[in-house]
Amino acid sequence: MWFTAALKSVYAKPVIHLLCLIPFSALLWAAFNDGLGANPVEKLTHETGDWTLRLLLITLSISPLRQWTGQAAFVRFRRILGLYTFFYGCCHFSIWFIADHSLDLVGMIEDIVERPYITLGFSALMLMLPLAITSNQAMMRRLGKKWKTLHQLVYLIISLGILHFVWLVKADYLEPTIYAIIALILLAHRVGPIKRFSVKSFLVAR
Amino acid sequence: MIKIKKRWEIPESEVTPESLYLRRREFMKAAGTIGGALLLNPWAAAQASLEIGDYKKKAVSLDEEITEEEDATSYNNFYEFGTGKEDPKKHSKRFKTDDWQITVSGECAKPGTYGLEDMVRPFPIEERIYRLRCVEAWSMVIPWLGIPLGSILKTFEPTAKAKYIGFKTLHDPVRMPGQQRAVLNWPYREGLTIAEAMHPLTILSVGMYGKTMPNQNGAPIRLVVPWKYGFKSIKSIVGIEFSEEQPLTSWNMAAPGEYGFYSNVNPEVNHPRWSQKKERRIGEIFKRETLMFNGYGEEVAELYDDLDLTVNF
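For the record, the sequence lines run as chains A and B.
Letter by letter, the first sequence follows residues 634 to 839 in our numbering.
Letter by letter, the second sequence follows residues 21 to 333 in our numbering.
Certain hints may be false.
[Stated by the list, open to error] Below, computed lysine-lysine pairings styled on DSSO-like, alpha-carbon distance capped at 30 Å:
(1) 105(B) with 130(B)
(2) 174(B) with 231(B)
(3) 803(A) with 297(B)
(4) 116(B) with 76(B)
(5) 109(B) with 77(B)
(6) 298(B) with 803(A)
(7) 130(B) with 183(B)
(8) 105(B) with 803(A)
(9) 113(B) with 297(B)
(10) 77(B) with 174(B)
(11) 116(B) with 130(B)
(12) 676(A) with 77(B)
(13) 109(B) with 803(A)
(14) 181(B) with 116(B)
(15) 105(B) with 297(B)
(16) 113(B) with 77(B)
(17) 646(A) with 778(A)
(18) 77(B) with 231(B)
(19) 110(B) with 803(A)
(20) 298(B) with 105(B)
(21) 297(B) with 676(A)
(22) 231(B) with 676(A)
(23) 231(B) with 116(B)
(24) 676(A) with 298(B)
(25) 174(B) with 116(B)
(26) 676(A) with 110(B)
(27) 231(B) with 110(B)
(28) 109(B) with 231(B)
(29) 778(A) with 641(A)
(30) 113(B) with 676(A)
(31) 113(B) with 803(A)
(32) 803(A) with 116(B)
(33) 109(B) with 676(A)
(34) 78(B) with 109(B)
[As the list claims (entries may be wrong)] Have a look at the derived ranges for each label pair, beta carbon to beta carbon:
(35) 745(A) with 125(B): 43 to 51 Å
(36) 125(B) with 679(A): 37 to 45 Å
(37) 737(A) with 175(B): 49 to 57 Å
(38) 317(B) with 662(A): 42 to 50 Å
(39) 789(A) with 121(B): 53 to 61 Å
Source of the hints: derived by calculation from the structure; they are not laboratory data.
Built from N, CA and C at the ideal position, the CB exists for glycine as well.
Isolated chain A (complex conformation):
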């Protein structure tokens, strides 16, 4: 099938890399071409934060996609997607640390301790760190069964990330609600009956 062939193609991974770099390049381009509006720092902070959440949701959708479509090859992209999530998270954090705190470490730590939404966001990023470090093949092999347990931290990370977003909103909860619904569907898949659902068996049953 052409789809399976495409997923397994040698070009598939480079394409994913390019796709993941589009938001970053677009922001970089806008930053140097006066395209970020009146408050460029806020724009960059919000955009990188949004992309961290989006990429994390995409990463989390790999397993369900594999199950629902029966295409095992999807798993090839999970590490790349996870690492780009971490990359956007680091951009998000760096912009905040540099522009909002002028690299003042003490002020930043105060903010992390005092403001619950920042506590959550920072915790999410910190929890991503061990996952990024242990994402390569060698670490996977070394950790064995523990690797899977460790990487289940991702469920905590997505929850913290979405709460971080919800907590900073003033009145319009539409966007964080959409993220939360998608996350709930993806998490429900891991525990609920949707887990056994697959497109193939669905079609066969017909």
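The hints should help you fit chain B onto chain A, whose structure is shown.
Positioned in the frame of chain A, the structure of chain B alone reads:
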């Protein structure tokens, strides 16, 4: 000394019923139309937002760089036209403010519905360069064009019972599409104490940057209270009510623990979720210190001598 007449001091003969006022306006309008036909009276035609003619330049000035006009007119919080910063400019393009009317009610001798022109035109327009500090920790410096609110309020002869002023924004989900979603409890409401309203720094603004007020900034008429967080400066006003009780205000209704009635700029009292110590001036990268009362403490601090500002935030 300003002598405010008590309600019972107004002779019955001076109190005109509202219906007569309305009829008087109709008469004036008709007269204007006829006069216009005969004399080409420029005010006879349907009026859009107020035309800015001559104004007193730099009536109140500030030794700080004025925010780029493009920034001040494209980065707005005006949920009536959407919750994104760029939404108001995008979604208010077709907003018409022709024949704008403002209803004055409550504790005053001269309630009624007034046309924008009638309310504003008797007073000279002044340019006032003020800092604007948003509760979201960003700020601008804007050259407003307006009239002291106190001058206008006095014409309605508030009674002794008038302790507060409440304001309302237009409620029209067709013209203001952001109101189709219940993000806030529409119409948008704001309020001031009578002392705050009468303070010479408080203005009703009808323009900025030497021009008529852009739709996205609160056309045709908005409040500007420079020592309070931006959301107190209510936009597109259609209602002014004098009252004895503190009026309801929108953000306070939405989150009473986060937005108080006073909402004075105060770096010492943090928003429960974020710090108010610093702010980002639009056009700059790094944050600067936020000033008590947004730098207007010398002028306004005495209004709050008897108030605990951490309780009355």
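A quick look at each hint next to the structure:
Pair hint residue 105(B) plus residue 130(B) does not hold up; C-alpha atoms about 38 Å apart against a cutoff of 30 Å. Taking the CA atoms of residue 174(B) and residue 231(B), the gap is about 26 Å. The hint holds against a cut of 30 Å. The suggested pairing of residue 803(A) with residue 297(B) holds, with an alpha-carbon distance near 19 Å, which does not exceed 30 Å. With a C-alpha separation of about 27 Å, the suggested pair residue 116(B) and residue 76(B) falls inside the 30 Å cut-off, and the hint holds.
Among the hinted pairs, residue 109(B) with residue 77(B) is consistent with the structure: their alpha-carbon atoms are about 27 Å apart, no more than 30 Å. Between residue 298(B) and residue 803(A) the CA atoms are separated by roughly 18 Å; this keeps the pair inside 30 Å, and the hint holds. With a CA separation close to 16 Å, the supplied pair residue 130(B) and residue 183(B) stays within the 30 Å bound. Of the supplied pair hints, the one linking residue 105(B) and residue 803(A) holds, its CA atoms being roughly 13 Å apart against a limit of 30 Å.
At most 30 Å may separate the alpha-carbon atoms for a hinted pair to count; residue 113(B) and residue 297(B) exceed this at roughly 35 Å. Straight-line distance between C-alpha atoms of residue 77(B) and residue 174(B) comes to about 24 Å, which keeps the hinted pair within the 30 Å bound. Of the pairs offered as hints, the one joining residue 116(B) and residue 130(B) holds, with about 28 Å between alpha carbons and a cut-off of 30 Å not exceeded. Pair hint residue 676(A) plus residue 77(B) does not hold up; C-alpha atoms about 34 Å apart against a cutoff of 30 Å.
Distance hint between residue 109(B) and residue 803(A) is fulfilled; the C-alpha atoms sit about 20 Å from each other, no more than 30 Å. Between the alpha carbons of residue 181(B) and residue 116(B) the distance comes to roughly 36 Å, so the proposed pair goes past 30 Å and is violated. Using a Cα cut-off of 30 Å, the hinted pair residue 105(B) and residue 297(B) holds, with the two alpha carbons roughly 22 Å apart. Between residue 113(B) and residue 77(B) the CA atoms are separated by roughly 28 Å; this keeps the pair inside 30 Å, and the hint holds.
At roughly 26 Å between alpha-carbon atoms, residue 646(A) and residue 778(A) fall within 30 Å of each other, so this suggested pair holds. A threshold of 30 Å between alpha carbons decides the hint, and for residue 77(B) with residue 231(B) the separation of about 13 Å falls inside it, so the pair holds. Distance hint between residue 110(B) and residue 803(A) is fulfilled; the C-alpha atoms sit about 21 Å from each other, no more than 30 Å. For the hint pairing residue 298(B) with residue 105(B), the CA-to-CA distance comes to about 20 Å; that is within 30 Å, so the pair holds.
Between the alpha carbons of residue 297(B) and residue 676(A) the distance comes to roughly 21 Å, so the proposed pair stays at or under 30 Å and holds. Between residue 231(B) and residue 676(A), the direct Cα distance comes to roughly 28 Å. Compliance with the 30 Å bound is thereby established for this hinted pair. For the hint pairing residue 231(B) with residue 116(B), the CA-to-CA distance comes to about 16 Å; that is within 30 Å, so the pair holds. Only pairs whose Cα atoms come within 30 Å are accepted, and residue 676(A) paired with residue 298(B) is accepted, the gap being roughly 18 Å.
Our distance criterion of 30 Å between C-alpha atoms is met by residue 174(B) and residue 116(B), whose separation comes to about 29 Å. At most 30 Å may separate the alpha-carbon atoms for a hinted pair to count; residue 676(A) and residue 110(B) meet this at roughly 17 Å. For a cut-off of 30 Å, the pair hint linking residue 231(B) to residue 110(B) stands: about 19 Å separates their Cα positions. Between residue 109(B) and residue 231(B) the CA atoms are separated by roughly 16 Å; this keeps the pair inside 30 Å, and the hint holds.
For a cut-off of 30 Å, the pair hint linking residue 778(A) to residue 641(A) stands: about 26 Å separates their Cα positions. Taken as a hint, the residue 113(B) and residue 676(A) pair is honoured in the structure, with Cα atoms around 23 Å apart against an allowance of 30 Å. Annotation: proposed proximity of residue 113(B) to residue 803(A) holds, straight-line Cα distance about 25 Å (limit 30 Å). For the hint linking residue 803(A) to residue 116(B), the alpha-carbon distance of about 28 Å falls within 30 Å, and the restraint holds.
Taking the CA atoms of residue 109(B) and residue 676(A), the gap is near 17 Å; set against the 30 Å cutoff, the hint holds. Only pairs whose Cα atoms come within 30 Å are accepted, and residue 78(B) paired with residue 109(B) is accepted, the gap being roughly 27 Å. With their beta carbons about 49 Å apart, residue 745(A) and residue 125(B) fall inside the hinted range of 43 to 51 Å. Between residue 125(B) and residue 679(A), the C-beta spacing of about 41 Å keeps the proposed range 37 to 45 Å intact.
In this structure, residue 737(A) and residue 175(B) meet the distance hint of 49 to 57 Å, their C-beta atoms being roughly 51 Å apart. The hinted window of 42 to 50 Å between residue 317(B) and residue 662(A) holds, with their beta carbons roughly 43 Å apart. Here the CB-CB span from residue 789(A) to residue 121(B) is close to 56 Å, well matched to the stated 53 to 61 Å.
Consistency note: the structure conflicts with the earlier hints numbered 1, 9, 12 and 14.
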